[in-house]
Amino acid sequence: MTDPILQTKSVTKVFGGLTAVKDVSFEVRAGEIFGIAGPNGSGKSTLFNIITSIPFTATSGEIYFKGERIDRRPPYRIAQSGLCRTFQKDAEFPDLSARETLLVSAVYNGRLRGGEAAARAGRVLERVEFSAARSDLPSRDLSIYEKKQLMIASALACDPAVLMLDEPASGLTKPEIGKLDDLLVSLNRSGITIVLIEHVLSLLLSVSQRLMVLNYGEILAAGAPADVVKDPAVVEAYLGARA
Amino acid sequence: MKTSLLRAALPLAALAVLAVVPVFAIDSFTRHLFIIAFIYAIIASNWNLSLGHCGVFNFGHLTFFGVGVYTAAIAAKTYGVDPWIAILLGGPAAAVAAFLIAAPVARLKGIYVVLVTFAFGQLVMQLVLSQSATTGGAQGMVRIPYLRLGDYSFLKDYKLGYYYVALGLLVVSTLFLKLVIDSPFGKSLKAVRDAEDYAAARGISVSRQRILVLILSAIFTGIAGGFYAIYLRVASPDVFGFGTLSLALSMVLIGGVGTTYGPIAAALALTFATEALAGIRGFEEARFIVIAVAMILVLRLAPGGLLRLLELLVPKSLR
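Chains as they are written, first to last, in the numbering used here: chain A, 1 to 243; chain B, 1001 to 1319.
The shape of chain B in the complex, shown without the other chains:
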């Protein structure tokens, strides 16, 4: 099978650029923005696995992220688990949460999936709020242990270490997604998304694929949550909020549902765009309206997302 030149070269070029960014961006704020963008990129691209590739309207995806946040926070702070391990624990914890939500929604369709998954997110948030002895309730958890590598402290390097850990997580997550999407399993997801009955007639269990895709999409989302908690040293119920959810969703939709790199590119672009807009007087809150309008325009004018639009604009010989 032919691998297009553009598709193979662009991600590697982008990675090379991102790898040298800290050399030029030496201030911790710019690096912080990149780190947040990488985290959102992991969330959005993994959400795209279930939503874009399998057509599961899972509006509880940020719940997996929140589960990762609180798992790492509780593990590291309450139980003294090494922060590196605490980050990784976010993955299996989110996968378990995904299994719990997947079982009831596997046989549901359309709006019912949206309702049940959104309700599940609210349920987990209420659980976090109500168990304040463990989770800190509405106040959340602070002063979560930070990362160390031997004697090297990640607190005193202007976020250089966190930058590369976040970038590394994004690379591993993307390789994982590529592996899944390019496998027969990944192709079966598209079959389920586009023609459920035909897929069943070819031996594919529709409900099993939906359960599996939700679990797989949760693993790196949970790890990203774990990293978020250790990096910011805070676990707050805000991560379950509608604002975070809508921002991540806009990254999936603007970047391109069903594309591999679209949500990642959109996460980088939107993180910096919202930050730039926040710096303009009067746009502190209005920036979210701008993002919403951008999302509507993209859905109306380029339903495949900006990456698909870009592909159409590039000459065929370069694709």
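Looking at chain A on its own, in the form it has when it is part of the complex:
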């Protein structure tokens, strides 16, 4: 079995009286696509937040990336080490164009300079098939799909070892989801490990090699996607208890 590239040990996040993530331990193997599912409010995005320390850290527990403990590092250091994420809500730098966004990512996260950073930005834009004609427009003027493309592209410009995607398919049309599916598989084949939170189950089941389901902040089931979706506890969490 491949060594885990990302691992959490008993991570917990408490907000006042609410435990959003409770004692979650899991590991992601290098080179796989690891899916995370769960109903709204089950703690999926909170788990991403505490792994990346953006915008908050875990209340307790340990997080390891490439064998090193990262939960005490500042968020930009975690990103620089190769653990790059996207956000569930549209995040953008509205005044920067797609090209400038990628340039900044390549310079600060990829530690590249001038021409090298610009070259990587160009390569990544091509890879995600971003329209060349629109790559110099301010991000605020881009469509929803282009913003999603850009968010993934900016993470790729960081040259990540692990790409953490938080609901990249939300708001997309069926053909756009199809393109996203192809892109994720292609990225994974090129050696990037992917952790994917997704509500679009067809996409999640299509690309994930292993799946974990959260409910009320706890792991409900984990394993091969085909087995997990048949788990009675998972069915109940999504559809409610049988009468």
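Where hints are given, some of them may not hold.
[Said to hold, decoys possible] With beta-carbon atoms standing in for the labels, derived distance ranges:
(1) B:Pro1104 - A:Asp227: 50 to 58 angstroms
(2) B:Phe1283 - A:Gly16: 52 to 60 angstroms
(3) B:Ala1014 - A:Leu18: 52 to 60 angstroms
(4) B:Asp1182 - A:Leu18: 43 to 51 angstroms
[Said to hold, decoys possible] Cross-link-like lysine-lysine pairs, in silico, DSBU-like; alpha carbons within 35 angstroms at most:
(5) B:Lys1109 - A:Lys9
(6) A:Lys147 - B:Lys1178
(7) B:Lys1178 - A:Lys89
(8) A:Lys22 - A:Lys9
Calculated from the structure, these hints are not laboratory results.
All C-beta atoms in this analysis are idealised placements derived from N, C-alpha and C, irrespective of residue type, glycine included.
Chain B: place on chain A using the hints.
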């Protein structure tokens, strides 16, 4: 990347006009107004770097100017440093002050940044007032040595020399700001301003960028302060006052937060506007009310500032 015609040509045309102004404006008062406008333009455009480009609500920016004023004054008068060097010393001194204020505010947000930076300004002012043996206290310092270039005295040329030194400082400061803003560092500032978490997720240290932007914004502000002291031959605690701060802030806001040339244009316009209003009977004090009303109107009707409004009015083909 396309450089718009308007953006490239207008600043150069404006510089060409400003370069020949002294040929036509031969009286020292008009030249004096331009010099003061250039100083304010440096203050406002550098303030815009931290406030407009990085979103740091630094209300202690005039403190950097004041530090420059007193550094040059003390260096030139007390220690006999050449006034040219004394002017330049204002830059590093203000940068050190910026570092001192930046460290505690780097992790603060919103109103807390305003409060801490404003308090820092008051603290420095109290320091100046209390150390009267060095700073002259409330009386300030007078008869500060003036500029000379060989045998050429800047006192007897109807402010011609000071005009070109001030214009030169403004040009160098603007080139410096352009360099910063157009660099990946400048773009990272906008990233920090608009989406802090996203910026951190792309490897940008939010607090480090805030510290750096405050230091960079202080350098030419401090040099402008140094020039102000040598030019007027006075260092007064008035530079820390709320009046100076609000005037400079109105230049940033009216000119256009986040624009490169907006605060510079606004500094020129407001300096002459306030002077013109002062000449009208009954408007000596009311002029500041007029400026405040103008600021409110601009923020309400054209939040991007007058320069952005102008850009929208100009046909796309010319931009």
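Status of each hint after checking the structure:
1. Between Pro1104 of chain B and Asp227 of chain A the C-beta distance comes to about 54 angstroms, which sits within the given range of 50 to 58 angstroms.
2. Range check, Phe1283 of chain B to Gly16 of chain A: about 56 angstroms between beta-carbon atoms, so the 52 to 60 angstroms window is met.
3. Between Ala1014 of chain B and Leu18 of chain A the Cβ separation comes to about 58 angstroms, which falls inside the hinted range of 52 to 60 angstroms.
4. At about 46 angstroms, the beta-carbon gap between Asp1182 of chain B and Leu18 of chain A stays in the expected band of 43 to 51 angstroms.
5. Distance restraint check for Lys1109 of chain B and Lys9 of chain A: the Cα-Cα separation of roughly 32 angstroms lies within the 35 angstroms cut-off, and the hinted pair is therefore satisfied.
6. Between Lys147 of chain A and Lys1178 of chain B the CA atoms are separated by roughly 28 angstroms; this keeps the pair inside 35 angstroms, and the hint holds.
7. The straight-line distance between the Cα atoms of Lys1178 of chain B and Lys89 of chain A is roughly 33 angstroms, inside the 35 angstroms bound, and the hint therefore holds.
8. For a cut-off of 35 angstroms, the pair hint linking Lys22 of chain A to Lys9 of chain A stands: about 11 angstroms separates their Cα positions.
The structure shown violates none of the earlier numbered hints.
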